[in-house]
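**Q** Residue numbers (this note's numbering), protein chains in the order written: chain A, 116 to 233; chain B, 25 to 352.
A portion of the hints provided could be inaccurate.
Said to hold, decoys possible - Away from chain A, derived, C-beta distances all over 12 Å, residues of chain B:
| id | residue |
| --- | --- |
| 1 | Thr60 |
| 2 | Asp77 |
| 3 | Lys79 |
| 4 | Gly112 |
| 5 | Lys126 |
| 6 | Leu149 |
| 7 | Gly153 |
| 8 | Val227 |
| 9 | Asp238 |
| 10 | Lys330 |
Claimed, not checked - Computed footprint of chain A on chain B; a stretch qualifies when at least three of its residues, placed anywhere within it, have a C-beta under 8 Å from a C-beta of chain A:
| id | region |
| --- | --- |
| 11 | 215-225 |
| 12 | 263-269 |
Claimed, not checked - One side only, chain A facing chain B, incomplete, derived with CB under 10 Å:
| id | residue |
| --- | --- |
| 13 | Ile169 |
| 14 | Ile171 |
| 15 | Cys196 |
| 16 | His198 |
| 17 | Glu207 |
| 18 | Arg226 |
Hints in this document: simulated from the structure, not taken from any laboratory.
Note that the Cβ used here is the ideal one computed from N, Cα and C, for glycine as well.
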Amino acid sequence: MKKKDFLLIGIILLLAAAVMGYHYLKGKSENAEVVITVDGKKYGTYDLSVNRTIDIDGTNTLQIKNGKADMIQADCPDQLCVHQKAISRDGESIICLPNKVVVTIKGGKDRELDAVAN
Amino acid sequence: MKKPLKCILVFLLSASLALSVFGCTTPPAMDSIKATGVYFDTVISIEIWGTGDEKILDQCKKMCSRFEDLFSTTIKTSDVSRINDAKGAPVEVASDTAELIKEGLYYSKLSGGMFDITIEPLSELWDIGHNPGNIPDEAAIEEAKSHINYKNVIVKGNTVTLKDPKAAIDLGGIAKGFIADKLKAYLESKGIRHGLIDLGGNVLVIGKKVDGEDFRIGIQKPFDKRNEAITSVSVDGKSVVSSGVYERYFKKNGKIYHHILDPRTGYPFDNGLLQVTIISDRSVDGDGLSTSCFALGLEKGSELIKSLDGVEAIFVTNDYKLHYAGKQ
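This is chain A alone, in the form it adopts within the complex:
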C-alpha cells in the first residue's frame, strides 16, 4: 500500500467525521423560533433566545424572556391565553381563541409532554 493510499483513506475518514459532527452540532444548537399567526395568517417569526416584547395587532402582548414565550396581556374576556404556562419547547403553543392568535415554538428542544389532559 502506497503512502498516497493512506492519505486518501485519511481524507475520506476526516470528511466523514466532519459531516457527522456538523449534523450532531446542528441538531443540538438549532435555534428555536416563535411563530405567531393571527386568523391563520403569519404575523411574525422571532428568535426565542432574544428577549423582547411583541405587540400583536394591539390585542395581545407576548413576552420573550430567558428562552420562554409568555402571553402577558390580552384584551379577550376569558384571559385563558394569559393563564397559560410559558412555552419553550418544539411544538408547544399558546392560543388566544377570541383574537384568533396562535403562538407556536418551532425547533429547539423536544417537548417533554405531548399534551396535557385538562
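Guided by the hints, dock chain B onto chain A, whose structure is given.
**A** Same frame as chain A, now just chain B:
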C-alpha cells in the same frame, strides 16, 4: 496492496462518507401535519404522522363541525335542542345522537344517577361558565332538581322522547370523548398509525409516537396555569381525560362553586376531590367515568374503577395528593 482489496476499501470508505451525509436526515414519515380549530367552546388540535394529506385533517374538522351542530345545547337547531324544546314529544335524531345518548344513559345508570345526562335544568340555572357569583335561590334549585332523572329519557331506534316535558338533556359531560373516538376510527380507517387528538384537554392517542416511544400526556395541576402538569402518564393508543373543579367555577365567601353539580343536593359536589383523570381505551369511557368517579368520590369511585377491566384512574384530593386506582 492487491487491487481487489483496494477496491473494497475505497467502496467502504465511500459508503461511510455517503452514510454520514444522508444517514442522519429525517425521513418524511417522521414529520407530522396538524390541524387546530375551535369547536365545542374549546380549542381542538389533531396531529398525525406518516402522511402529508391535508384532506384527512379537513375531514376531521368537518366531522367536528357536524357533531357540534348535533350535540350543542346552545345551537337551536341541534338534535339536543330539538329534544329539549319538544315538551315531551318524540324527536327523530341522527343515529350518532341516539348512540351518544345511549352511552350517556349507560353511565347515568352505572353511577346510580350521580352522573345524569338530564342535569341540564340545574346546569342552566347555575350557568357556572358565565355566573359572576350568584347562588340560585332554594326554590329554583328544588324546581330544577325535580326534573332530573335519566330514566325519563327513552331511546327507540333514532327516536328520543322525554317522559317529563320539562326535562332536558346535556351531553357535555360525555360528547367530547365520543367525538374523539369517532375521529380516531376515521383516522385509523385512513391508515394513520401515530396520532394525537386533543379536544380541549380531552386527549386520545393513536398508537405510539413515530419514534416508537409512548406518548407522554401530562395531567393538569388544579388551579395552576393551563398546561402546568401535576404528573404525567405514558400511553400507547389510549385516552386520558380529566374532570376537575378548576375548569369552570366562581368563588364566594371563600367557597368554590364549580360546574360538576350534584343531582341530589342541587349544589356543586363538595367531597374533597379536586380532579379525577381516567386512562382508558375508549375516550367516551374516560369522559363518562371521570365525571361519574368525581361524583362518587374517592372511595366509591376507586371501587368502581377496580370493578372495570382496562381502566385506570388518578384522583387528586384537595391536599393535592394523588391516589391511583385500577385493576393490577
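**Q** State for each hint whether it applies.
**A** For each hint, the structure was consulted:
1. Not every CB of chain A is more than 12 Å from the CB of Thr60 of chain B (nearest about 7 Å), against its label as outside the interface.
2. Distance to chain A confirms Asp77 of chain B as a non-interface residue, since its nearest Cβ pair spans about 19 Å, more than 12 Å.
3. Residue-level check passed: Lys79 of chain B sits 17 Å from the nearest beta carbon of chain A, beyond 12 Å.
4. Non-interface call for Gly112 of chain B relative to chain A: holds, since the shortest CB-CB distance, roughly 36 Å, exceeds 12 Å.
5. No Cβ of chain A approaches the Cβ of Lys126 of chain B within 12 Å, the least distance being about 25 Å, so the stated non-interface status holds.
6. With a cut of 12 Å on Cβ distances, Leu149 of chain B stays outside the contact zone with chain A, its closest approach being about 22 Å.
7. Some Cβ of chain A comes within 12 Å of the Cβ of Gly153 of chain B; the nearest lies about 10 Å off, and the non-interface call is violated.
8. At roughly 5 Å, the least C-beta separation between Val227 of chain B and chain A is not larger than 12 Å, which violates its mark as non-interface.
9. Asp238 of chain B, annotated as away from the interface, has a beta carbon of chain A within 12 Å; the closest lies near 9 Å.
10. Under the 12 Å C-beta cut-off, the non-interface status given to Lys330 of chain B relative to chain A holds; the minimum distance is some 21 Å.
11. For a cut-off of 8 Å, the count of residues in the region 215-225 of chain B with a CB near a CB of chain A stands at 4, and the three-residue condition holds.
12. Counting residues of the region 263-269 of chain B whose C-beta lies closer than 8 Å to any C-beta of chain A gives 4; at least three are required, and the coverage claim holds.
13. Violation of the interface hint for Ile169 of chain A is found here, the shortest Cβ-Cβ separation to chain B being roughly 20 Å, above the 10 Å cut-off.
14. With a cut of 10 Å, the hint placing Ile171 of chain A at the interface with chain B is violated, because the nearest CB-to-CB distance is about 17 Å.
15. Against a cut-off of 10 Å between C-beta atoms, the interface hint on Cys196 of chain A holds, since the closest Cβ of chain B lies about 9 Å away.
16. About 5 Å separates the beta-carbon of His198 of chain A from the nearest beta-carbon of chain B, less than 10 Å, and the hint is met.
17. Interface hint status for Glu207 of chain A: upheld, as the beta-carbon distance to the closest one in chain B is roughly 8 Å, under 10 Å.
18. This hint holds: Arg226 of chain A has a C-beta 9 Å from the nearest C-beta of chain B, less than the 10 Å allowed.
Hint compliance for this structure: hints 1, 7, 8, 9, 13, 14 are not met, and every other hint is.
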